[in-house]
Amino acid sequence: MGKAFGVVLIIITLVSTAVFIFHDFHGISLWLPVDASAHGHRVDHQLMETMYGSGLLFVLSQIMLGLFVWQASDRPEGWKYKIFPGGAKPMVISAILLVGIEILTLSFVGSKVWADIYLTPAAPEALPIDVQAGQFAFYFRYAGADGKFGALHAEKIDEGSGNFFGLDPRNDVAARDDVVVASLVIPVNRPILLTLHSKDVIHSFYVRELRIHQDIVPGLMIPLHFTATQTGRFEIVCTQLCGLGHYQMKAYLEVKTQEEFDKWLKDQEAAQ
Amino acid sequence: MSEAAHQHAEPTGFIRKYIFSVDHKVIGLQYIGLGIVAVVLGMILSWLMRLHLGWSTLAIPGLEKLSPAGAPGNVMTPEYYLSLMTMHGTLMVFFVLTNVPFAGFGNYFLPIQVGAPDMAFPRMNMMSFWVTFTAFLVLIAAFFVPGGPPLSGWTAYAPLSAVGQDAGPGEGWGQTLWALSIAIFCVAQLLGALNFIATTLDLRTKGMSLARMPFSTWAWFITSVIGLLAFAVLLPACVLLILDRTAGTSFFIPGGLVISDRLQAHTGGSPLLWQHLFWFFGHPEVYIAILPAIGIVSHILPAFLRRPLLGPRVLISCLAAIGFLSYMVWGHHMFVSGMNPFSAILFSVPTLVITIPATIATLLWIGSVYGARIRFTCASLFCLGFISVFISGGISGFFLAQPSIDTYLHATYFVVAHFHFVMGVAAIFGMFAGIYFWLPKMVGRMMNETLGKIHFWFTFVGVYCIFMPMHYLGLAGNVRRYAAFTDDYLAPLIPVHQFITIAALITGAAQFIFLFNLVWSRFRGPKATENPWQATSLEWSTTSPPPFDNFGGRQLVVHQEPYLYGVEGSAGDYVMQTSPETVEAR
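Residue numbers (this note's numbering), protein chains in the order written: chain A, 717 to 988; chain B, 80 to 665.
Quick caveat, the hints were computed from the structure, so don't treat them as lab data. As the structure is a prediction and not an experimental result, all values here were calculated from the model. Cβ atoms here follow ideal geometry from the backbone N, Cα and C, with glycine treated the same way. Check the hints yourself; a few may be wrong.
Just the calculated beta-carbon pair ranges, DEER-fashion [stated by the list, open to error]: (1) B:P315 to A:L730: 22 to 28 Å; (2) B:I533 to A:A898: 36 to 42 Å; (3) B:Y406 to A:L730: 35 to 41 Å; (4) A:A870 to B:S396: 52 to 58 Å; (5) A:K828 to B:F403: 35 to 41 Å; (6) B:T346 to A:N879: 20 to 26 Å; (7) A:P792 to B:M407: 28 to 34 Å; (8) B:T346 to A:T947: 28 to 34 Å.
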């Protein structure tokens, strides 16, 4: 029975690890998608460091367990148990030292990565875009030619007439040229500053390729900044359970060249 | 002391003996029984969910009868999926993972392991179970109310859970009953925790110093302390949620919300307040589930390794350290919640620090397996399996503890894999080990080992087939709590979900082998002797099952450490805790 346990455990360990290593199977990629943001490679790097460290721990500890159980099945009746060389002390010390060093390193390096995304202000030249989430759609707002966003009035929100943000263009000059669209279109290689807010329940803003994730909380205006480094079309999905249509709540992020973006914005301004 | 605590005579009527019993053993079995009902229900819900995730248009015969609105034409609606998910999580976390390893086994064995005739407050103990049972009925009632069962997950984030019917299906009566059920559950847990603490501190028999208490007793004791502080926070949180829903207050609801085209009347509340209160309970709850399992496994392993564990005091210190740290880490559930991002770093560090006592405990188990001659029984196999799944679940914690990586992995299947392995599967393995080990004591009959081993192999390989692939899905960015995968991005991953579903169906079916074994052994199993495993702690110094007052009027005197195995004693290679013989230290 012990041998079977050892063999099965070691097979499970090796197969599990192999899928992490090879991760591409007939068009199914079981790995992170391409990184399309300026900070993403640092998140990926941090993830890989953790993967190596904890992967090693996983493989070593499972195989050790499997081997010891295998050995334990062969022993004769009346066997006097052997104590692990040194007893508990070396284990405690090595756990504190090895895991301690690992977590100190991860904490220091990881905190810097986190701080660069969430604790530093956006660059002054960042393009501001306002994002409103609601059951079950995202809407995006550009300030228009005057560079100013119109004020938000919850009581004026009316999906039927397309006033998703609750703007008041009749009385509010700044709101008149605001561009409201259902896709997030941005220029490549330019810092973007989103202001996220929700009109009803908690939603989330998650773009896998940007390695960025932020809950959108009603009552809060949450800033989030990033720079996309590749043109293309990516999904923005909601990851915070928001009701029956949660699984379908998504929008597209379109990263264009600066010229394409300028033309697109001009067309939108003309259309609205 | 023990006289005073046990003045009541053995009841003779059926109702006082088996229903409203004050006997901790009956109450323990009631908790375990309720847990088994809840786990079967929770597992069937997970089957339905998994079928829907693999084949989202699949008609499941009979489902429409169960819920005409939730499954028209037998095909599950997205909102019904979310309801099943919510009920699955709530049943499993509260009524299985809290009830069985802690309240169930703890009630049965804590008094016996410290040599007490009953719990310190037997009536309060009875009340604690029946309050739990009421909470269970209230939760199940949520399936049958207008508007359907709640769908905002076992975490019930406000304002979705707080604003009522406007937020969509499942947000009416179902959600109110959910909050009420959890509030009632908290009351029961507080009563239970007080009882456990008082019993451990006050009712230990002569010679049972704290240092001589078994690991399991230590784990139940530490868990009670955690539970006392954690449920005391969740209870008022649920009360506030009920008030927001029914009395027009705005604790968790900010102003200016427009839901279903209606401007809500609430103003001034904070959605993050709910999350802080919930996770201040929620993270310690993970340890309420896993510490008793750790204690049970550490208690059972020595009996089958025929040796004491390495570093017993270190292991108990690790349990205490984990319990202490569990209160400093709740914010790691909230890295991307919109709280001050600086606090993410402060919550990350103690989270990572928890890996140190957890690693030490794991190394102590593995180091104890080294050089032993193992008796391979179902109980010992589930203990060894526990070590393996605890490692697998713990390792992924390294990733999720770091806010920079959580940025990518948050709310993906990576998280689902992590918590299912480390608190779900590991705690369930602890429960299985406990049942195979203690059933002979509890009902006086042995379980069938062959059936048990078949059950073990299906379960052990099965859980890896179910939960390991979820890590890969998470790395690929597969978001959790989706009723179907309709995105361009997620659609290619559906075959992996189908594989998981098939694994879940097979592994789930194998659990019926266990249930059959349990019922069959209860009535037909060979009679158990007083000490079938040649184990040392006090529960093996009395008959199987123990008499009403546990030791038949004797007051036991404890002379030994709890795990004297691999020694030359008068009874064989072990010395009972009650044996007065002199044992030479090895």
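Which hint numbers doesn't this structure obey?
Hint check: 1, 2, 5, 7 and 8 fail, others pass.
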